[in-house]
Amino acid sequence: MTRLKADARHSVRLTLNGKPVQSEAEPRMLLSDFLRHQIGATGTHVGCEHGVCGACTIVVDGMLTRSCLTLAAQVDGCEIQTVEGLAPSADRLGVLQQAFRRNHALQCGFCTAGILMSLDHYLARNPAPTEAEIRDLLSGHLCRCTGYTPIIQAALEAAAQLASSKKETSDA
Amino acid sequence: MKPPAFDYLRAETVGDVLEGLAQQGGDARVLAGGQSLMAMLNMRLAKPKLLIDIMRLEELRKIDRKADAVVIGAGVRQADLLAWPELAEALPLVALALPWVGHMQTRSRGTICGSLAHADPSAEMPLALVALGGEVLLRSAKRRRRVAAQDFFAGMMLTARSDDELIEGISLPVIQGSRVAFREVARRHGDFAIVACAAMKTATGVRLAVGGVADVPTARDWPPLQGGALDDVLNAFAYELGARDDVHATARYRRDLVRMIGRDLIGEVLQ
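Protein chains in written order, with my numbering: chain Z, 1 to 172; chain S, 1 to 271.
These are calculated hints, taken from the structure and not from any lab test. The model shown is predicted, which means the values in this text are computed figures rather than measured ones. C-beta: ideal position from N, C-alpha, C; glycine also. Watch out, some of these pointers could steer you wrong.
Claimed, not checked - The calculated lysine-lysine pairs, modelled on BS3-like cross-linking and capped at a C-alpha distance of 25 angstroms, are: (1) S:Lys-62 - S:Lys-2; (2) S:Lys-47 - Z:Lys-5; (3) S:Lys-62 - S:Lys-142; (4) S:Lys-62 - Z:Lys-5.
What the hints assert, rightly or not - Covered stretches of chain S, as calculated for chain Z (at least 3 residues, CB under 8 angstroms): (5) 26 to 40; (6) 94 to 106; (7) 139 to 153; (8) 158 to 164; (9) 179 to 190.
Said to hold, decoys possible - Listed next, with one range per pair, are the computed distances between beta-carbon atoms: (10) Z:Pro-88 - S:Arg-187: 37 to 45 angstroms; (11) Z:Asp-61 - S:Met-1: 22 to 30 angstroms; (12) S:Ala-22 - Z:His-104: 40 to 48 angstroms; (13) Z:Cys-145 - S:Glu-268: 38 to 46 angstroms; (14) Z:Pro-20 - S:Asp-191: 51 to 59 angstroms; (15) Z:Gln-98 - S:Leu-87: 36 to 44 angstroms; (16) Z:Arg-13 - S:Arg-244: 46 to 54 angstroms; (17) S:Arg-187 - Z:His-104: 26 to 34 angstroms; (18) S:Ala-203 - Z:Ser-165: 39 to 47 angstroms.
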């Protein structure tokens with residue numbers, strides 16, 4: 001049993017996009033704030049801070065997670081993926097990110113990090129989604145710029161591209 | 001906003017949880033998936049002095065199929081239950097209602113029992129528990145007890161759980177060959193229901209349970225009625241629920257939904 005005192009800072013270690021990171025947090029510190037302020041990973045955005053808007057969505061141990069509804073202390077020892085881990089390298093975009101760019105699936109970009117994380121997680125497990133399934137997934141995100149249509153288009157395009165690239169790899 | 005300050009206890013045994021609850025009582029809250037409690041903390045609607053995290057307790061993460069019931073532990077996430085291969089056959093009503101709970105991004109962490117502990121009157125899992133006539137399994141350092149669904153919900157976000165009790169799990173009856181139906185009206189899919197209804201064919205007729213109208217999910221049993229007789233009992237039920245106007249819908253609209261969805265679902269299960 002571990003009891004962390006309210007008024008003290010405690011060590012939190014986790015794996016962020018494959019790399020070990022460590023910092024300190026009070027028990028009440030949200031994971032979203034821990035990532036942004038303690039680690040400096042500001043790709044994860046903070047919107048409503050009560051789990052509704054989806055901007056802060058990340059992946060914790062393979063589970064889609066609202067980082068604003070999670071304490072840093074809860075994820076000690078966990079594996080975390082954030083939007084910073086999506087691009088294959090610093091100067092290249094991933095397939096999903098490229099599809100977002102082609103389809104104008106973002107304007108202000110505030111909601112984008114969360115939506116990319118949800119779609120990346122979903123497409124990895126459901127390689128041939130229907131439009132209805134994508135819409136159901138996106139119901140967990142608010143975007144006030146795009147009207148969602150280009151986001152859905154980008155998601156379907158990325159899914160098709162990922163499926164065909166997998167086929168080519170297996171033929172080779 | 002940010003949560004108020006609290007101690008955080010990572011429980012390694014159920015004993016740790018019960019001890020924490022016994023010592024701290026009403027100042028302690030159990031943290032499971034956090035999809036309701038963390039929002040309450042962020043909005044400072046809850047100000048506990050101690051949070052007891054139960055999600056590292058493997059023993060609470062079990063879905064246990066018994067001869068005539070399914071026992072779902074406090075650590076079972078909504079997504080875990082949705083992915084349980086026996087769900088549609090054992091608990092068809094839950095299989096229909098669960099996709100309406102929040103969004104994929106919250107079901108992945110939120111627990112079944114956490115939704116019951118939160119006791120929002122428009123939430124789907126409390127409605128399913130009442131419709132099925134399930135039981136809540138409560139445990140404190142001193143005793144264990146089982147509380148029937150209709151006695152568990154005491155009011156809006158109020159339950160029969162004492163401050164020193166952990167919801168260890170719930171037991172939902174497996175009713176062989178039961179016909180069930182579920183429907184919900186909300187502003188968006190995943191939002192809290194304006195009205196949610198569950199219907200089930202019973203040995204003597206039909207049961208209709210309604211959430212989102214009264215301050216607790218409420219069920220009624222009737223013989224297999226049709227036509228004007230059914231309309232009359234549905235109308236009386238709709239008024240008994242005491243609907244009120246709010247920003248989402250008027251009381252009259254809620255009564256209309258109870259009457260119309262109620263008639264449709266009862267028709268479906270009695271077909």
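Going down the list of hints, with the structure as the test:
1. S:Lys-62 - S:Lys-2: violated, 32 angstroms
2. S:Lys-47 - Z:Lys-5: Given that 25 angstroms is the threshold and the Cα spacing comes to 15 angstroms, the pair holds.
3. S:Lys-62 - S:Lys-142: holds, 23 angstroms
4. S:Lys-62 - Z:Lys-5: The hint is violated at about 30 angstroms.
5. 26 to 40: The restraint on the stretch 26 to 40 of chain S holds, since 5 of its residues have a Cβ under 8 angstroms from chain Z and three suffice.
6. 94 to 106: n = 5 at 8 angstroms, threshold three: holds.
7. 139 to 153: Result for this restraint: violated, n = 0.
8. 158 to 164: violated (count 0)
9. 179 to 190: This one holds; 3 residues, not fewer than the three required, reach chain Z with a Cβ under 8 angstroms.
10. Z:Pro-88 - S:Arg-187: 37 to 45 angstroms: Holds: the Cβ-Cβ distance is about 39 angstroms, inside 37 to 45 angstroms.
11. Z:Asp-61 - S:Met-1: 22 to 30 angstroms: Given about 27 angstroms between the Cβ atoms, the range holds.
12. S:Ala-22 - Z:His-104: 40 to 48 angstroms: violated, 57 angstroms
13. Z:Cys-145 - S:Glu-268: 38 to 46 angstroms: holds, 41 angstroms
14. Z:Pro-20 - S:Asp-191: 51 to 59 angstroms: At 39 angstroms between Cβs, range violated.
15. Z:Gln-98 - S:Leu-87: 36 to 44 angstroms: holds, 38 angstroms
16. Z:Arg-13 - S:Arg-244: 46 to 54 angstroms: holds, 49 angstroms
17. S:Arg-187 - Z:His-104: 26 to 34 angstroms: holds, 27 angstroms
18. S:Ala-203 - Z:Ser-165: 39 to 47 angstroms: Given range 39 to 47 angstroms: violated, Cβ gap about 56 angstroms.
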